[in-house]
Amino acid sequence: MPINFMLPEFEIERNDYRCIRCRVCERQCANGVHRYDPDTDVMLSDETKCVDCQRCVCLCPTRALKIKKNEAALRTNANWHQSTILEIYKQANTGGVLLSSMGNPEPFPVYWDKILINASQVTNPSIDPLREPMETRVFLGKKPHDIERDADGRINTELPPQIELELPVMFSAMSYGSISYNAHKSLATAAEALGICYNTGEGGLHEDFYQYGKNTIVQVASGRFGVYKDYLEAGAAIEIKMGQGAKPGIGGHLPGAKVGPDVSKTRMIPEGSDAISPAPHHDIYSIEDLRQLVFSLKEATEYKKPVIVKVAAVHNIAAIASGIARSGADIIAIDGFRGGTGAAPTRIRDNVGIPIELALAAVDKRLRDEGIRQNVSLVVGGSVRSASDIVKAIALGADACYIATSALLALGCHLCRTCQSGKCNWGIATQDPELVKRLNPETGKERLVNLLTAWKHEIKEMMGLMGINSIEALRGNRLMLRGVGLNEKELEILGISHAGE
Amino acid sequence: MMREGEFRNPSGCAIAAEISKEGRRFAAEKIIECMIPMHDRSNGLGGGFAGYGIYPKYKDFYAFHLFYDHRHIKKEVEEYLKERYEIVLSEEIPTRKIPEITDEPIIWRYFLNPLKSVLRSAQLDEKEFTARVAMHINTHMKGAYVFSSGKNMGAFKAVGFPEDVGRFYMLDEYEGYAWTSHGRYPTNTPGWWGGSHPFGLLDYTVVHNGEISSYDANRRFIEMFGYKCTLQTDTEVMAYIADFLLRRKGLTPKEMAEIIAAPFWTTIAKKSEEDQARLTYFRTIYSSLLMTGPFSIVVGYNGGLMALNDRLKLRSMVAAEKDDMVYIASEETAIRIMSPEVDRIWSPAGGEPVIVNVKDGVY
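Here the protein sequences come in this chain order: P and E. For the record, in the first sequence the residue sitting at position 104 is 103 according to numbering that gives the first Met the number 0, with numbers rising by one throughout. For the record, in the second sequence the residue sitting at position 353 is 352 according to numbering that gives the first Met the number 0, with numbers rising by one throughout.
With the rest of the complex left out, here is chain E:
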């Protein structure tokens, strides 16, 4: 059987997210529990979570989470990392043995500080440098896979149902100001852990439900800018696009939404002159980043998240607010688990982003 990444793998899914606008850190219990009523949206072939603000003690270091197929490649990767970073901490990611999750690879994390001399000679800023390192390992070091690479955040994923994956990683023991989660329903998969969501690069993570029909147009565009799509999943290409637009091009999440779920020309024609100019500009220069076909996504980043539907709203997605909390989920039932009472609950329109940023300076 072909390994994930060697074929295109469309999947349906469940997503959920919660965030505190005050930047309060809270346990991952609810985000795990809320996946239970959406159990049938996954098929046990992938689940995962991303937490933000979970490594306050190491917040200045890049937290790399890796899957290794065997010890041999671990040594090789560590050699490679040592030449580029000061390894502040290297440890096995704690897991709980449960019957629902089996066949786990070696799961390791590192807190890394880039070596100044190396950065200087590479003539790159540390984020770009780190993104390239993560991509190099994933593309060239067979048997190793970086599945999380941002600061003070982390992704946790496995093959299994999301609620079991949460227990497996003992996420109830972590606290963060924002969490996203994902249950996967792939149409075909050899059951490789790296194929699960969230997918991320640096602190940008994506959980996604849908199948974008524009996939290859988006992939072939983004690959021009040094990204290599090794997994052939929508989520991977979305994470790279988020990194490209938000980090490399310095756009805001709202502007990113205006590109990937661009309004129709007829809608643009009704906008103010300034909006028309900007939206036309985006649709001209980034036309290859328009995503068509059904999707609901949550893009997480340090300090906030953005939930977004495709412009026709071909996938369900509900948002709610309660006090300083904002909740997002594929189904309302999941939101009611996270917070039975809410101040406001609504179904965001297609292409209309829900952007939640944590109060300045808190995260």
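Chain P extracted, bound-state conformation:
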């Protein structure tokens, strides 16, 4: 084999004094890093295969293992970073497009971290959520403009279809195929327990999960995988996926290796075939076409389901959202450039799209300027990492947030960013039955419920200290936010003042 110039990214440090040769690491590693040599009674490792998923580290009973960044490094160069050089070697070796997973890891500004939240002092009391009611329920969907009364003066209380959520969070789209059956089951059951929704992604809905329909958002993407009448009718809402933050402008790609019998049945595609979604919807080349698809889906479901249009945050997002708000859609979901994915070309993931904070602020403002904010609800994701990110997003103008990476982390993901390999040692981004069973859906559900219960407490605490006792009084309440270390243009786009102002 010719020399490939690659340098292992990680180093495996095994404390031989602690190692008892139990070979757990060997059995747990789907990448084949660890190996036992019976002749010398030594555990060996091939670090070139290691992805730093930490599975072996977590399971080693004697804590004999450490995965470290490889200290053997190329000569430092401020222009030619080691990763850049290694990527060139890789492409020179293979001739292929670089693939990556999960969200953009590059050091772009994270605006959430440059925004601070207000608190009540003196002129206005803070409210204690342990002693006073604190409400987090939201309704997503179109809100009518006019009040209608019957002959007796009673108000007609019929509403366009809405999604009701007990807290302004939903699990974002992740398809069955890109993630495992057990991961999907964890999300579905947790969504049900929490009174929120999860999202099928573009992989169809497994027959076992139709029972969670009222907590399910079914997605219709450019490949139309798994879409048929029962599927559309199964969910609480239908989402048209126009784009995704991790890879705006291109479609999903599920390698044939992940398409086993069950995935094949759910997606309605032949076993073993690559599921490659077209980059655009081939029936949507413009905004008027989107309107037709929105209404086709509404016709198919008798106007009983809200329709979400999901788009990636791109440069002209405010104008795009304004177009969508006039297309008949009930909800716009915007996915920021840091959103995760099961597989995306690295160059696209790392260089296309804009931060969700700026997109959200611009869209909310534009829809208000045009007086059409009531036509749609706004859901944002990519990436929302904590309760405080959610509070900031709501205060900037979002009705709810989509979370996915944080949900996977709760399930055990260690963000090694190699989902595309299908060898997820945590049983999440894989279809290998041996790996899938590592994720217990009962435990998964419990961890997701724990995470969002904790976040709900934190959201209530933060609302309380602002003197707000209902989430709707926080929505779009930008006076509750201040920027630190942001320039005037950034503050202008975010529509907030600088700290001290």
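Watch out, some of these pointers could steer you wrong.
Stated by the list, open to error - Derived pair list, reagent style DSS-like, types lysine-lysine, alpha-carbon separation capped at 25 Å:
hint : chain 1 : residue 1 : chain 2 : residue 2
1    : P       : Lys-142   : E       : Lys-253
2    : P       : Lys-364   : E       : Lys-126
3    : P       : Lys-113   : P       : Lys-89
4    : E       : Lys-141   : E       : Lys-58
5    : E       : Lys-96    : E       : Lys-73
6    : E       : Lys-248   : P       : Lys-364
7    : P       : Lys-488   : E       : Lys-58
What the hints contain is simulated information worked out from the structure, not anything from laboratory work.
Position chain E against the provided structure of chain P, taking the given hints into account.
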């Protein structure tokens, strides 16, 4: 220093109101006097009153009260008004020189009758048209400020303690069937007269004590419907919301209370099916008009008023009845000044409106 409106200005305050259900007109003496025991709730940086039924001779005309910073802008505004209205009367609002009130702007009032031809070409009803005119002057004509714009009613306000403001405007010489009053305790103010309360649009006026934590959510929602919040005070946004819900959406004061001080979901769950449907509907479509944080307000309108606390009752507010009169105040002491003896006195629960309407056809 920045002018009021260029920064957010939270304030504490004293409010009071009295109304005759029979529509009897009475002098403003008591409403002025009742502010004296609540003196410490204000800090001398703003006081004001609104009277209803005070211009019976001109009741069919919009009474515009304006502050002008200088003569030049007065001319400009009058030109602007002349193109749109028949000016039935134009006069200086009579004031009394007292040492407690100084630096007054030019204070003028007009009784206006909209020109039919202008209404026709604007394709607007006269109220909507007049609301837009008032808002246009306040937003675009620097140095002029419309602080009252309803029919047969008027707001009077200044920088000073409310009892002095009442004397300054000689309110003892006016008679109305309802009065509201306000003493202001702003946390920072350059002392601009327009910043005082009551704040009003058309005949809707608001006096308010509190600081709503939902302010920017409410402001950004209401601004979608053509309102422009130029003062950055809670009271201004409340007055616009009152106009939006009561006039433009045709809701009743009770329904308005169900929106801005909506019951908690747990409370709604205990209501009748019809109430649940209506309250859920309001909380869904007007969720951005829910007001959180402390407030006690009196919303005045032609023919009645509504007093309301935030749903947690984070501000004091007391109501009382005596014969045909209903009294509202931040403190009971003020009510005892207006009427030492009362038939009933109570502290309305959070979110529970006290709505008093004058007998039909009287006002």
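Evaluation of the provided hints:
Restraint check: the Cα-Cα separation between Lys-142 (chain P) and Lys-253 (chain E) comes to about 21 Å, which is no more than 25 Å; the hinted pair holds. Proposed proximity of Lys-364 (chain P) and Lys-126 (chain E) is contradicted: the alpha carbons are some 29 Å apart, above 25 Å. Under the criterion of a C-alpha separation no larger than 25 Å, the hint pairing Lys-113 (chain P) with Lys-89 (chain P) is inconsistent with the structure, at around 36 Å. In summary, the hint linking Lys-141 (chain E) to Lys-58 (chain E) is not supported, as the alpha carbons are separated by about 29 Å, beyond the 25 Å threshold.
Simply put, Lys-96 (chain E) and Lys-73 (chain E) have alpha-carbon atoms about 22 Å apart, close enough for the 25 Å limit, and the pair holds. Restraint check for Lys-248 (chain E) and Lys-364 (chain P): satisfied, since their Cα atoms lie roughly 24 Å apart, inside the 25 Å limit. Between Lys-488 (chain P) and Lys-58 (chain E) the alpha-carbon distance is near 51 Å, which puts this suggested pair outside the 25 Å criterion.
The earlier numbered hints that this structure contradicts are 2, 3, 4, 7.
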